[in-house]
Amino acid sequence: MCCRSIALAAYRLLSVLTGTLFSGSLFIFPVSAEFAEESSSFIAETPTHLNVRADRQYTDFKSNASIAEGNVSVQLGNAELRADRIEFDAAYRTLYARGAVRFKRGSQYFQASSFRYNLVQEEGYLSDVYGVIDLTESLRNPLTTSQAASPTPESPTPAKLEDMPPVACPPLLPPLAANWFGKDTAESESASMRPLPECEDTDGEPSVQPFSLSNRLESIALGDGNDPQPHGSSHETPAQDSIPPVNQQALRKEAIAEIDQRISNIALKGNFTIEQRGGIPNQRSSSAVRDENLFGVVRPAQLNSLGNSQLFTGEITRLRVQASSVVIMKDGWKAERMGFSNDPYTPAQTIIAAEGVIAQEQSNGELLISARRNRLIVEERLNVPMPQERRFREKSSWTFGIDNQDRDGFFIGRKLQPIEVARDFTLTLEPQFMVQRAIDDQTSQVSELFGLEAELNGQLWGWDTTWEADISTFNPQALADGSRYWGNLENDFELPWLGDITARLFGAYRYRTWNGSLGETDIYTALGGYIEQRETFDLGKLSNSYIWRLGLGNYRAERFSSASLVDSLRANFYGSINSSYPIWRGKAAPLTPEKAYLYSPVAIVPGLTFNTNVNTLLAAYGDGTRQNTIRFSGGPSLTLGTFSKPFLDYTRLSISGGVTLKQGASPFNFDQAVDLSTLGVGITQQIAGPLLLNAGFGINVDAGSEFYGDVINSNIELSWQRRSYDVGIYFNPYEGIGGVRFRLYDFDFKGTGVPFMPYTPPKLIETSDSNRPF
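For our numbering, count along the sequence shown from 1 and bump the result up by 1392.
Calculated from the structure, these hints are not laboratory results. Don't be surprised by glycine CBs; every beta carbon is placed ideally from N, CA and C. Treat the hints loosely; a few may be bogus.
[To be verified] In the EDC-like style, the derived pairs of lysine to aspartate or glutamate whose C-alpha atoms are separated by at most 20 Å in a straight line are:
1. K1807 x D2015
2. K1726 x D1555
3. K2142 x D1555
[Claimed, not checked] Quick list of the computed label-pair ranges, beta carbon to beta carbon:
4. N1657 x S1937: 56 to 62 Å
5. L2032 x L2110: 18 to 24 Å
6. I2075 x A1861: 18 to 24 Å
7. K1645 x Y2100: 52 to 58 Å
8. G1891 x N1657: 45 to 51 Å
9. D1930 x P2125: 35 to 41 Å
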């Protein structure tokens, strides 16, 4: 699979259903009298956390099974299970639910046509599964078999019938006109997920049996265009579609617009990124830290898209899942076909299709997902092969980086599973191999080919602590010059008149930082502390955020005026305030998958905003020198268009300028005020459809500076932007790096959505335009 979150979601899908519904405490089938037409005296006393309601409840004495029929509702704490019929066989400890089976808890939602589970063998089977998984919510079992555990309280207000959404039926859609490689879809097979019995048979032919999701996933992945086939004998010849491709595509677009998506309140949460970069970095690409004194400096947003060195970053926390059948095993589960989608809308722009899926938990708690074949399906046409097997841990990813200063170029690292070294401390390790050193034969010792990044997190005397190490060689003679260390202790306090503030104690050895045109510089040792406060507030339409920081420390760092080092105390005050004022705001396109969310994960709103920042730095040094600065920066950001039309419907232009007034000078290189006058320009432009050009640059325009005219940042990127994903190629001339990036977006939303494998009854394809229901 392409990412840990997707595999974890599949695992939790079964964990929710089996763990929530079938704990050992369900050896009885308790029934409340409410809404019951019949009841039997054999039923044991109902636990306080379990409540069953149904139109009819009785016992089948021949099979000794407890049965509930008609609008069956099982209350499980804050969760609820619905079905048309639920049977429980006490002798064999088997539960069977069928007919509009639905489970809902918080943002989690699952539905199936049937569900069977054996409590003794811990095995089961689900049919026609569709669901929505939110990995940020707790999936803890609301029932418990432990006598010591406190029972889960019953919901204070039991769910009403209307609280549970009805069954989500697959939409009726015409097939794609053709795949991206021009293959004749009329010759292709088709498949679809069998709708639940509750879904209306719009074909008008109840005897027609649609194909399974398994075949449909295979059909899409093979690029056959999803052209449906008449259901019947496998030897029958598929009907030929006489509709011209242009008309067929128009019908499909109209049909998509008519889908009841059952989704609202879409919000972008983050993304999962696969990125590979390369080049010869000449500036801060290998810097281990950021300059926090740049809080709020106004610059074009187009300059923020810098590459990272990790192959995988981010995660997907909200997924829709679909499978024609799932077999539950004692140590995991398996499915012949299973699909996942991060896209909240149907048809989904991105789908992960897995075949022959087996998920098993290993003895070390690691989840192993394997499959005969995994594919990322893009736009229902293009499929990209993915690894067949992957182990999933909380934090594990490869790192591909370029560090010319410490690692002599290209290196590879692997983040390992965090280690609990004590009750309150966790250690994360990333062993590294210096590829460029090995290729160039720059060393005679094996120890110089290996490095390590380590991070220790925990609590010490009530303070949050973080300590990091960056080791680029294990050669004992070069270890001192090949290592960097830094860390801090942090705690929050409340002070009179000031309110909540954060206090930090810090220490560092060979700490890398960044200072504009001066580039990267080293702080050899640092020890000190500071207090700070960050707040936001609004004044009418004016949005503001600020930070102030008061610090004291002793530093040994590179001198500004020469190549020597200087050791001195440094006391400083830093304050910065950001302000943003909307001058004009237009309207977004309609919030539909074919308008506002066609090309973008967020609705683009036209408008004009003016952003400003004012900051000041007052610093005094042990040698009696001082440096005081005040900086003003600001500029407009103009957005035109809504990014919902095919051509030139989205333009974002950002311009920023900055001026710094300076008094005195610092003896250090790392905080010397440079780039006293700057200009930044950024533009994002839709070219055609999802094709975007994104570019920006920053330049020193201080006529009195030795760096006058120097570019201090730049970036250019060409991307294919869609709602659920984007693909981009970028190059940063200033950084000296370029790369390729693929992102899957992570969404938060309300609602259940509908199955993302659309159902296309074959008889509908053969009807005339006037008779089509699309």
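- prompt: At the C-beta level, are G1891 and N1657 separated by a distance inside 45 to 51 Å?
  reply: Since G1891 and N1657 have Cβ atoms about 33 Å apart, the given range 45 to 51 Å is violated.
message: Can you tell me whether the CB distance of L2032 to L2110 sits inside 18 to 24 Å?
response: holds, 20 Å
- prompt: Does the Cβ-Cβ separation between K1645 and Y2100 fall within 52 to 58 Å?
  reply: Given about 54 Å between the Cβ atoms, the range holds.
field: Hint consistency between K1807 and D2015 [alpha-carbon to alpha-carbon, up to 20 Å]
entry: Judged against 20 Å, a Cα distance of about 44 Å means the pair is violated.
- prompt: Is the gap between the beta carbons of D1930 and P2125 within 35 to 41 Å?
  reply: holds, 39 Å
task: Would you check the hint for K2142 and D1555, treating anything up to 20 Å between C-alpha atoms as holding?
output: Satisfied, since the Cα-Cα distance of roughly 13 Å is no more than 20 Å.
- request: Sort out whether D1555 lies within 20 Å of K1726, counting only the CA atoms.
  value: violated, 31 Å
field: Supplied distance hint 18 to 24 Å, evaluated on CB atoms of I2075 and A1861
entry: violated, 41 Å
- request: Just tell me: holds or violated, for the beta carbon distance of N1657 and S1937 against 56 to 62 Å?
  value: Check failed, 25 Å falls outside 56 to 62 Å.
Hint compliance for this structure: hints 1, 2, 4, 6 and 8 are broken, all remaining hints hold.
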